[in-house]
Amino acid sequence: MGNVVETSGLTKTYGKVNAVDNVSFTLEDGKIYGLLGRNGAGKTTIMHMITAQLFATSGQLKVFGEEPFENNRVLRQTCFIKESQKYPDNFRVVDVLNVSPLFFPNWDREFAYSLIKDFQLPLKRRMKKLSRGMLSSVGIIVGLASRAPLTFFDEPYLGLDAVARSLFYDRLLEDYAEHPRTIVLSTHLIDEVSQLLEHVLVIDNGKLIINEEAEALRGRASTVVGLTSKVETFLAGKEVIHREPLGGLISVTLLGALTAQDRKKAAELGLEITPVSLQQMIVYLTNGKNAREAGVS
Amino acid sequence: MTISMDDSRPIFLQIAERIENDIIEGGLPEESQVPSTNQFAAFYQINPATVMKGVNLLVDQGILYKKRGIGMFVATGVKAKLMEKRKELFYEQYIVTMVREADKLGITADQLTEMIRRGDKA
Amino acid sequence: MNRVKGIIRTHLTDRLGWIFLPWIILSSSFACNLIIAGLSGEEFYTGGLASIYVYMTILGIMIVAQTYPFIIGFGARRKDYFLGTAATIAIVSAVFTLMLCVLAVIEVQSGGWGVNLHFFNLPYLSEGSAIERIWIQFSLMTNLVFIGFFFSCIYRKFGRNGMFLFFVALSVVLSFSTYFITIANGWDEIFNWLSGISAVHLATGLFVLTLVYLGLSYGLLRRATV
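Protein chains in written order, with the numbering used here: chain A, 35 to 331; chain B, 15 to 136; chain C, 1490 to 1715.
Worth flagging that the hints you see were computed from the coordinates, not collected in a lab.
Any given hint could be a false lead.
Claimed, not checked - Pairs of lysine-lysine residues, derived as DSS-like cross-links and limited to a Cα-Cα distance of at most 25 Å, are as follows:
id : chain 1 : residue 1 : chain 2 : residue 2
1  : C       : Lys1568   : A       : Lys241
2  : C       : Lys1568   : A       : Lys96
3  : B       : Lys118    : A       : Lys298
4  : B       : Lys118    : A       : Lys299
This structure is a prediction, so every number in the text was calculated from the model and none was measured.
Okay, chain A solo, but in the shape it has when bound:
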C-alpha cells in the first residue's frame, strides 16, 4: 500500500511559538487514523498544511507523492471538514450540496441526500441560520459523500448528540467498507472513536508523541492500586505516567504492557490492576508533566 501523506520535520511557527514542531509521519492508503490531542495542540494546523490552506514554516510535505500547494491533482482528492468551515451568508443547505460536486469529483448525490434524511436537515434553510449541531451535520455529509481518497474530519460533531454521533460512526464504517479510503478523525472524544481507528497519532504542544497502531496501544497502560509501600516495590523499572496518593494507598498508572509475571507479582502483593482507556492514557501523557517524543515509524 502506498503512502498518501508523508511529512518530515514539518514545522509551523507563529512568532516565537512553534504551533507544529518538527513533526514527521506517514499516512498509508486505506486506513482510518485518529489524530488526537488536546485543543490547541496543533492538530488543526497540521491538517491545514496538508491541505495547502496554511503554509509550513519549514519541513517536507508530500501528499499523493506531490506538493499540495496549488496542485489540483492533490486538492481534488482531498476533503477537509473542519469545525470552523465558513459558508457564504446567502447559501442554503441545498446550495452547499449543489456546489459540492464541483469540488469533489467522487461526489455521490444519492448518498448525500440519504444522509440529509438520516440527519434530518432542512434543505432550504440558510447555513447561517443552522444550529451548531446542524452545521456539523452538513460537514459530516459533505465529508462522507465527497468520497475523497484522503478525508479529514476535524472535530466533526460539535453540538451533535450521542445518537447523531453514533449515526455518523455507522455511516462512516458502512461507506468506508464499500469505498475504502484514508480517513483522519481528529477529536478529543477519544474513547468514542478509539474502536474505529486503525492507527493513532497523538500531538502534544505541537509535537508528535505517539504514532502507533491502535491495537498496540490497547492495554498499554494500566493502573495499579494498593498500599503505597507495596506499590513502590512493584514499580521498580517501570515507566510511571501518573500518580495519585490517597491516604496510605496510592494509585499509579504505568506505561507498558504487563507480563503474566507482573500480574502474578501484583496479585501476591495484593495490588489491584485495572485497565486504562486510550483516552485516559492520552490525558496522562499530555498533561504537560511528561515530555515524550514518538520514534519515527
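Using the hints, position chains B and C against chain A.
Frame of chain A, contents of chains B and C only:
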C-alpha cells in the same frame, strides 16, 4: 449502537473470542457461514481491519476457513476443539485462582468440593 | 478550465447577492426618480444610476470574505479561485452594462419614460457610438468591483493591521502628491488635461488601472490563508 470492548486487551483478540463463544454456544454451527468483516465492523462499530485481524487469527488456527468468493465458514470438528481449549483456560483462570484464594482463607479441599456442589444447585 | 467554471457556478449560486439585489436596489431608485420626475413635470436629471455602481463596489469588497474561506476550504486552487472570481465579475458586469445601455436607448425612445427623466441616459457616460458607451460603462463597473476586490484581498492577506497600514500609506502618498502639485501650481494643467480627455479614453485608462489591481490581487491571494 456501540458495544464497548474491554479496554485492557486488543480488540482483535476480543473479536476472535466472541466468534469462538458463538461457536461453543451453538450460535454458529459447524460449516455455517460467519458474518462478513464489514458486517462485524458495522455491528460492533469497529474498524474493519481490526475485525479482519481477529478473523485471520481464527483462520490461522483452522477454526474458520475461507471459501473463495463466498466468505468464511466454521470448520468441522472445531467445537470440540474449542471446548477443550476453554476447559484448559478455565482451569488456569478459575481453578488455580480459586484454590489459591481458598488456601489463603484456610478452606480445605473437601470444603471446596462441598461449596462447588452448593453452587451448582444455586 | 472546468475548475474555473465550477468557481463561477459557485459564485452565481448566490443569485440574490449577484443578480437580484443590484437590480432591486436600482429599480427602487428608478421608481423614486420616476415619481419625482412625474410630479415635477420638468426635464429631470438624476444620479440614481450610481446606486448600482455603489452596490457593485460593495459586492467587490464582500466577495473575498464571503467566498474565499469557503471555496479554498473545499479544496480549490487559489489560481482557480482568482480566475473564477474575476470571470464572474467580468461576466456579470458585461451583462449588467448591456442591460443598462439597452435601458438608456429605451429611455431616449420613450422620451424619458414619458416624463422627461434622465436616469440611464446621462451626459458624458452615454457619449459616442454604442460600442463606446458599452465600453465606458463596463470599464467603470469592473473598475469599481475590482477596487473593492483588491481591498478585500489586502485584508485577507494582511488582516486588519495590514489594511490600516495600507490606508495610512495611501493617504500619505495622496497628501504628498497634493502638496507637490499645489506648490508647482499644477492644478490648472491637470484640470485642463482631464477636461480634454474623452470618456472613452478615460474608460481605457480605468481599464489599465483595473488590470493593475487584478495583478496585485492575484499576488495577494496566492499567499493568503484560510
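Evaluation of the provided hints:
1. Among the hinted pairs, C:Lys1568 with A:Lys241 is inconsistent with the structure: their alpha-carbon atoms are about 32 Å apart, more than 25 Å.
2. Of the pairs offered as hints, the one joining C:Lys1568 and A:Lys96 holds, with about 20 Å between alpha carbons and a cut-off of 25 Å not exceeded.
3. Straight-line distance between C-alpha atoms of B:Lys118 and A:Lys298 comes to about 15 Å, which keeps the hinted pair within the 25 Å bound.
4. Taken as a hint, the B:Lys118 and A:Lys299 pair is honoured in the structure, with Cα atoms around 16 Å apart against an allowance of 25 Å.
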